[in-house]
Amino acid sequence: MIKRIKVGTASCGVAAGAEEVFNYFKENVKDIEIVRVGCIGHCYAEPIVEVETENESVFYSRVKANDEYLKAILSLDNKFRHQFPESRKQKECIKVTRLSGRIIPTSIDEYMENEGYEALKKALRLKPEEIVEEVKRSGLRGRGGAGFPTGLKWSFLAAKDSPEKIMICNGDEGDPGAFMDRSLMESVPHQILEGMLIGAYATGATKLFIYVRAEYPLAIKHLKEAIKQIEERELNVLNGRKVPIIIKEGAGAFVCGEETAMIHSLEGGRGNPRYRPPFPTDRGYKGYPTAINNVETFANIPIVIREGSDSFARIGTENSKGTKLFALAGDLKYTGLIEIPMGITIGQIVYEVGGAEPGSVKAVQIGGPSGGCIPEEHFDAPVDYDSLNKLGAIMGSGGLIVIGKDRCMVETARYFLDFTARESCGKCTFCRIGTKRMLEVLERITHGLGTEEDIAFLEDLGEKVKKGSLCGLGQTAPNPVLSTLRYFRDEYVNHVVNKKCDALVCNALVDIYIDREKCIECGLCIRTCPVGAISEDYVIDSEVCTRCNSCIEVCPKKAISRIARENKSGQS
Amino acid sequence: MDRISRILSGIEKDRSNIIKALQLVQDEEGYISDESISLIAKYFSVSPVDVEGVVSFYTQFKRNKPGKYQISVCDGTACHIKGSTLVKEWIREEIGISDNETDREGLFSLQTVACLGCCSLAPVISINGKVYGKLDRKSLIKILKKYKRGDIV
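These protein sequence lines are chains A and B, in that order. Under numbering that gives the first Met the number 0, the residue at position 85 of the first sequence is numbered 84, and the numbers go up by one with no gaps. Under numbering that gives the first Met the number 0, the residue at position 53 of the second sequence is numbered 52, and the numbers go up by one with no gaps.
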């Protein structure tokens with residue numbers, strides 16, 4: 000007996016076609032409730048449909064909007080049933096994402112049926128200082144990247160005597176390659192809001208802000224609906240006073256994830272960071288004491304309070320407690336959102352959780368533009384704040400990109416520098432001009448025009464940019480370059496000395512070659528080439544060719560490939 | 000002009016709402032014009048250069064009228080290593096526009112965005128907010144052709 004059918008319609012599900020599936024089911028099934036839910040984290044298998052019966056849940060993956068799939072699903076057929084990868088199941092530890100993708104995101108009733116707002120009720124029976132103590136004891140550290148102890152930050156705000164105290168939830172997930180916060184805001188908005196309300200009670204905050212990227216429209220929509228439900232039930236009345244919850248949409252500036260920049264942005268200005276001290280807990284939004292915590296941090300709070308700090312601290316390592324969400328993407332099989340206990344190794348994440356092919360991986364990139372690349376030989380390192388720092392990376396907010404053997408590390412570093420150079424707010428000279436100069440040098444190298452002195456220059460300037468910048472953006476901007484120089488120096492040397500890119504990624508060092516043995520002269524490549532670089536007798540004019548790979552894609556015989564460029568002079 | 004004044008009248012006159020005002024105006028107009036800047040400056044009692052400063056700081060705000068279909072090419076890490084540069088090249092070949100350009104008919108405009116958060120479907124683009132993932136050249140051109148023909152509105 001089917002109780003209801005759930006279609007995962009978070010952003011990645013929608014991009015894979017979940018909306019069409021939902022509409023098709025809705026039109027063709029009348030007697031069973033069809034609902035939209037969030038993300039269960041198995042993005043590689045989207046669109047995902049879950050069928051709830053009296054005693055079990057059956058999942059279907061890569062569902063299409065047609066009768067064949069619908070029939071199979073309604074009859075609970077084994078065909079198309081999703082098999083969750085066993086190795087991933089064993090390594091994951093589902094706490095924060097327990098309800099993600101399992102409940103209707105904007106149903107407060109369903110959230111409450113699943114222990115929702117019980118932590119808030121429990122908290123309201125305690126004294127505020129007891130909650131701060133409990134959060135301190137749990138060892139919870141900020142999930143936004145830097146890992147500052149949450150309880151300690153709360154105690155600073157709680158100690159302030161001020162007519163207004165502000166608490167901000169940082170949902171400005173700007174790291175390219177990270178989508179943990181988006182997924183949580185879309186899938187379990189009430190869990191984040193419950194954490195914020197507990198925080199407001201514990202610290203005496205009088206106003207709550209959620210700063211969300213404008214690129215996340217679905218997250219904003221769900222949060223708005225959830226806030227409305229909270230206000231209707233007056234759950235935001237704490238100690239007899241109403242605490243307003245306000246959503247502020249960011250406008251696309253990476254630096255606004257930095258707390259002082261975020262405060263300036265909330266005040267309606269340019270998001271320039273400022274010197275600290277004074278710290279926001281002393282002087283923040285409009286001069287009032289302000290505490291900023293990350294989305295995932297707030298989503299952890301209800302668990303800490305409901306299950307108790309001892310239970311929470313049992314998971315993880317000495318200095319990094321609890322679980323961590325990672326957005327797993329790149330060159331691996333099971334991309335998606337994962338939740339793992341702190342302390343498992345990078346290798347376990349890549350191979351067991353992510354199902355990457357052994358031998359196919361060169362490195363992982365952790366922490367986005369502020370983080371670094373960790374090579375395969377260090378995959379036995381545990382995932383906790385301190386171990387990752389030692390390796391030249393950072394925990395970051397949780398973007399984890401697996402980089403395969405056929406990727407170029409110099410080009411990867413150039414990519415991140417291009418990002419930070421563009422996102423630098425321009426306040427500090429070293430960040431504004433230093434990142435630009437580093438980018439120019441990296442561009443030269445990837446174009447085959449670099450020299451050995453360039454490598455030394457990058458290292459020197461990288462250290463100076465770190466020291467000469469005010470905020471986290473500039474202080475960490477050189478990390479992707481410095482960490483690749485540390486672990487993949489030979490690739491840089493290969494680019495500058497031999498003018499070769501072994502991964503065949505850097506266009507200026509690559510030629511496109513037609514293997515005449517395999518070629519059947521069908522003419523498809525000649526007709527497809529957008530710049531007319533292929534002659535009647537199948538020779539590619541490398542001066543005209545833009546290396547867009549169009550011919551490689553269309554060739555039915557796989558006769559065309561990228562090869563190392565013979566010309567040693569490089570090309571600009 | 001009246002439309003913008005009407006939008007502004009619904010917003011509290013506190014300078015912390017400038018970004019919100021700009022967002023609402025852009026939703027309505029598609030971009031931020033010189034007139035909008037002076038009206039917003041007047042409304043919040045700040046100088047136009049203050050508003051201009053905010054506009055130029057955030058990548059969301061556009062100073063030029065965009066095309067009917069706004070293509071955003073995601074250049075997040077996952078998309079980048081999966082070939083977002085090629086995606087841009089293919090778009091250029093198909094409709095002849097590069098970053099921050101609008102085609103002559105005013106049908107398409109193109110911009111690169113940091114990350115759309117759909118990394119597991121890389122490479123992705125979005126057209127007027129609708130996300131298309133796991134693109135290769137063939138599927139991308141098929142999508143663009145559909146918009147050109149007006150099959151998707």
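Do not rely on the hints blindly, as some may be mistaken.
Said to hold, decoys possible - Straight line, CA to CA, 25 angstroms or less: simulated DMTMM-like cross-link-like pairs of lysine to aspartate or glutamate:
1. A/LYS227 <-> B/ASP135
2. A/LYS241 <-> A/GLU376
3. A/LYS90 <-> A/GLU442
4. A/LYS159 <-> A/GLU114
5. A/LYS2 <-> A/GLU132
6. A/LYS557 <-> B/GLU100
7. B/LYS145 <-> A/GLU552
8. A/LYS63 <-> B/ASP150
9. B/LYS67 <-> A/GLU19
10. A/LYS499 <-> A/GLU535
11. A/LYS517 <-> B/ASP33
Honestly, the hints are just simulated from the structure, not real lab data.
Hints versus structure:
The suggested pairing of A/LYS227 with B/ASP135 is violated, with an alpha-carbon distance near 42 angstroms, which exceeds 25 angstroms. About 54 angstroms separates the Cα atoms of A/LYS241 and A/GLU376, which puts this hinted pair outside 25 angstroms; it is violated. The hinted pair formed by A/LYS90 and A/GLU442 fails the criterion: a straight-line CA distance of about 40 angstroms is larger than 25 angstroms. Taking the CA atoms of A/LYS159 and A/GLU114, the gap is near 32 angstroms; set against the 25 angstroms cutoff, the hint is violated.
Between the alpha carbons of A/LYS2 and A/GLU132 the distance comes to roughly 43 angstroms, so the proposed pair goes past 25 angstroms and is violated. A distance of roughly 35 angstroms separates the Cα atoms of A/LYS557 and B/GLU100; the hinted pair therefore is violated under the 25 angstroms criterion. Of the supplied pair hints, the one linking B/LYS145 and A/GLU552 holds, its CA atoms being roughly 21 angstroms apart against a limit of 25 angstroms. Between A/LYS63 and B/ASP150, the direct Cα distance comes to roughly 21 angstroms. Compliance with the 25 angstroms bound is thereby established for this hinted pair.
Straight-line distance between C-alpha atoms of B/LYS67 and A/GLU19 comes to about 23 angstroms, which keeps the hinted pair within the 25 angstroms bound. Of the pairs offered as hints, the one joining A/LYS499 and A/GLU535 is violated, with about 30 angstroms between alpha carbons and a cut-off of 25 angstroms exceeded. Distance check on the hinted pair: A/LYS517 and B/ASP33 sit about 59 angstroms apart at the alpha-carbon level, beyond 25 angstroms; violated.
Violated hints, listed in ascending order, are 1, 2, 3, 4, 5, 6, 10, 11; each of the other numbered hints is respected by the structure.
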